[in-house]
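Starting from the given sequences, assemble the full structure and let the hints guide the process.
Residue numbers (our numbering), protein chains in the order written: chain A, 78 to 309; chain B, 836 to 1124; chain C, 216 to 547.
I should point out that these hints are in silico values taken from the structure, not numbers from a laboratory. All figures in this text were calculated on a predicted structure; none of them were measured in a lab. All residues carry an ideal CB built from backbone N, CA and C; glycine is no exception. Among the hints, erroneous ones may be present.
With a straight-line cut-off of 30 Å between C-alpha atoms, the simulated DSS-like cross-links for lysine-lysine are [what the hints assert, rightly or not]: (1) Lys-124/A to Lys-285/A; (2) Lys-124/A to Lys-921/B; (3) Lys-79/A to Lys-133/A; (4) Lys-133/A to Lys-921/B; (5) Lys-124/A to Lys-185/A; (6) Lys-124/A to Lys-79/A.
Quick look at which bits of chain B chain C covers, simulated, 3 or more residues with Cβ under 8 Å [unchecked claim]: (7) 934-940; (8) 944-955; (9) 1062-1069; (10) 1103-1111.
Chain by chain, the residues run as shown.
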Amino acid sequence: MKLLEVTGLGVFYGDLQALFDIGVAVEAGQAVALIGANGAGKTTFLKSVAGLLASKRGRIVFDGQEIGGLPAERVAHLGLALVPEGRQLFQNMTIEENLIMGGYTGRKGYWTLARVYALFPSIARRGGEMPFVLSGGEQQMVAIGRALMANPRLLLADEISQGLAPVVVDQIYKAFPAIRAEGTSIIVVEQEVRRAAAASDYTYCMLKGRVTLEGRSNELSFDALSRAYFGT
Amino acid sequence: MDWVGLIINGLCLGGLYGMLGVGLALVTGVMRFVNISHGEFIVMAAFLGVFASLQVPGINPLWLIVPVAIVFFFVGYGVQAVLFNKVVTAPDFLAPILLTFGFSIVLQNVMFEAFGTNVRSLTAGGLARESISVGGISIGVLPLITLGLAILFFVVLQLVIARTAFGRAVRATADNRDVARLMGVRPTRIFNITMGLSLALAAVAGMLLAMRATFTPFSGLSNLLVAFEVIVIGGFGSFWGALLGGFLLGLAQLIGLHFDPDAGIFYVHLAFFAVVLFRPQGLMGIKLP
Amino acid sequence: MKALIALLVCAAIAAAAGLLAPVYDWAGGLRFASEMFLYLAMAQMWNLLAGYAGLLCMGQQMFIGLGTYCLFYTSLQLHVSPYWAMPVSFVFCGLMAALAALFMFRLRLVYFAIGTWVLSDMIASFISRTPELGGASGYQLSDVLPLINFDWFDEVIFWIAAAIAFATVWGAYALMRSSVGLGLMSIRDNDLAASSLGVDVWTNRFIVFVIAGAGCGLAGAVYFTAQLAMGPAQAFDPNWVVAMLFITIVGGIGTLEGPILGTAIYFALREVFTNVLGLSGAWYLIALGGAAMVVMLYAPNGLWPVVRDRFNIRGLSVRRQPPKSLLAQPAE
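Pasting the structure below:
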């Protein structure tokens, strides 16, 4: 049984339809990449799976349970965590409080505060500081750590390389194997095609609200990806 | 001219004003709207206190503060759940202001129909007349208790917000409602509890105000204006700023009244405008939104 | 063009009513109509502020009070007929609004709203305690009564009130159709974006605030002239804003027809509650507040948009239409 199965998903912003008939599946233990240019609908997809967007059609089945009609706060309790685009740390609390906030659902599992600090040593001794003093890369690590604190079965990572230097992004992606090893599957949304392919087993490409290509990450040719990405 | 006594009494009144402000500040900070009917709840709590006091004549009204506050916690929870939650998510900033304004008109006039225009007050009995002597200065006991209660509530509120899981959830919701939801926080529950706390504080302030001075069904307006002025000059988002703001206004009020006894809350308003003109970022230096 | 014709027709009807009134002794009707016109004018001003300039002024009663006091003071001190004092009121309130804007504009949104309320409370309180300004009992026009021709008093007040009402509706329409109006509407929707486009937010808001202050001051002055007496409690009564707010919200904020509809509903409700049902003023206010709440919850744009969209009426819409030549071309 698949961990996440999305079929025929259509999402609306008012009268405007943003996603058309999306079909995505994630097996337990997999890492799936979702690539596409700006405005393709990747963030809209993640937000609707996470339960932040109410206006939708189609089915979203997570761990055998239909979650399409559930609000985000309920979905979080079921073991699905979203690392939002742009980090969006809580500015009125410290790094450590942000991480603790991630554990609000009380879900038990491998990830604790200590283990999150062990995963990202750069932020280990900075728990008492406020988010705005950290660099972009460090904030991103906190955001991921915050999501891990909920011990999710599925982690949705929205554009974690955005605005960061490649060296820093490498560091963050190095944490992925450890995350997967503890039983968390991942959907990673990326604009950078090569990095996404390298970090995942399966890739979906989106354009203008539709899935234009899917396949095993190591089997997709660069040409096919370009066409699906740009729509040429 | 008993300056020291005046200052101390000013601080005690200021503590009360601070409490008025912080109740309103909770709502503005977390839910981003100003509850214009806040003043009416203060007055309703005073009426409840008078009513309850008549049922149990032997007990000093001070003991009634906690029960009344608890009642108003549930009132706040209910009003938020049934009414205010419908406008909290509105993108239009006018909607909550206008809804709560309409509500305040309704509440004032319902109270008027129910209770008439007679002025009421709560007597704290003998306690109102007692004073203690500190270093040769005579200070009223009731004002001191008021100040003590104000500081106590501030400290407790501050601890709850800063140290508890609930407090963290409140801060998260105030900062970024959607991301808080991603953590599993239910915003409506947070709003309901926050409004409950806000009105509980309003109730305490209302009871204490009733012990100091008389009130009518239309006293809500001046209480709202004071509460509002406290949070503006204290600086948006700062509870201690609200307490300091309260102190400043309390002092201004009593010093003004000393020279001009019939002024009502004129000098509070004057102090408010002085701060707005010369230090628009508020006492704690936080920029007004 | 259609709007202009509609307005002229209404003007003609009102003119006819005014001329026929002394013939049929419609004095009571004239007074009622005058009151309606004045409330409409004030509501249009408040609508300009809140619905178009994004300025929620909960203290607008301050200008009604200031206008009234200016008129009574001028008329009594200079011993002139109150009609001559009316333009003085208008100008005085405009100046006061300009002055108030200088520091009130530092406050944004709801802080501005309540700040103006505070200011109004202060002014009322100060006047109340100052015997030189009439103290708590205010003024009566008794000294200048001989200067007024009472045969025509109701009619003249009616004419003035009607003129003010038409001026505000027509003026608001003209303002909104001008470039100032376009600027205002962009400010209302997103003032940050507007200012980045070069719209001078402060100046546009300032213009509207001054006009609204002057307009409300004049309307208030005329209202109390008709009463021949006033006091600080009535002139600075926060219930003025309750009325303006109710009329604007229930009618339709940000539309020009809204306040017209709202005024009709306001007075209809008042007549029903006080004359038909015989209930006290408090019940009427409860109904007003309750109605405003219901509208806010279920029809936040007011009742006029519901009517307009249902029957597709353009009315006094200030929405710009693209030129007919563009509409005829096929898209892209």
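Next on the checklist: Flag every earlier hint the structure violates by its number, smallest first.
Outcome noted: As far as the earlier hints go, not one is violated by this structure.
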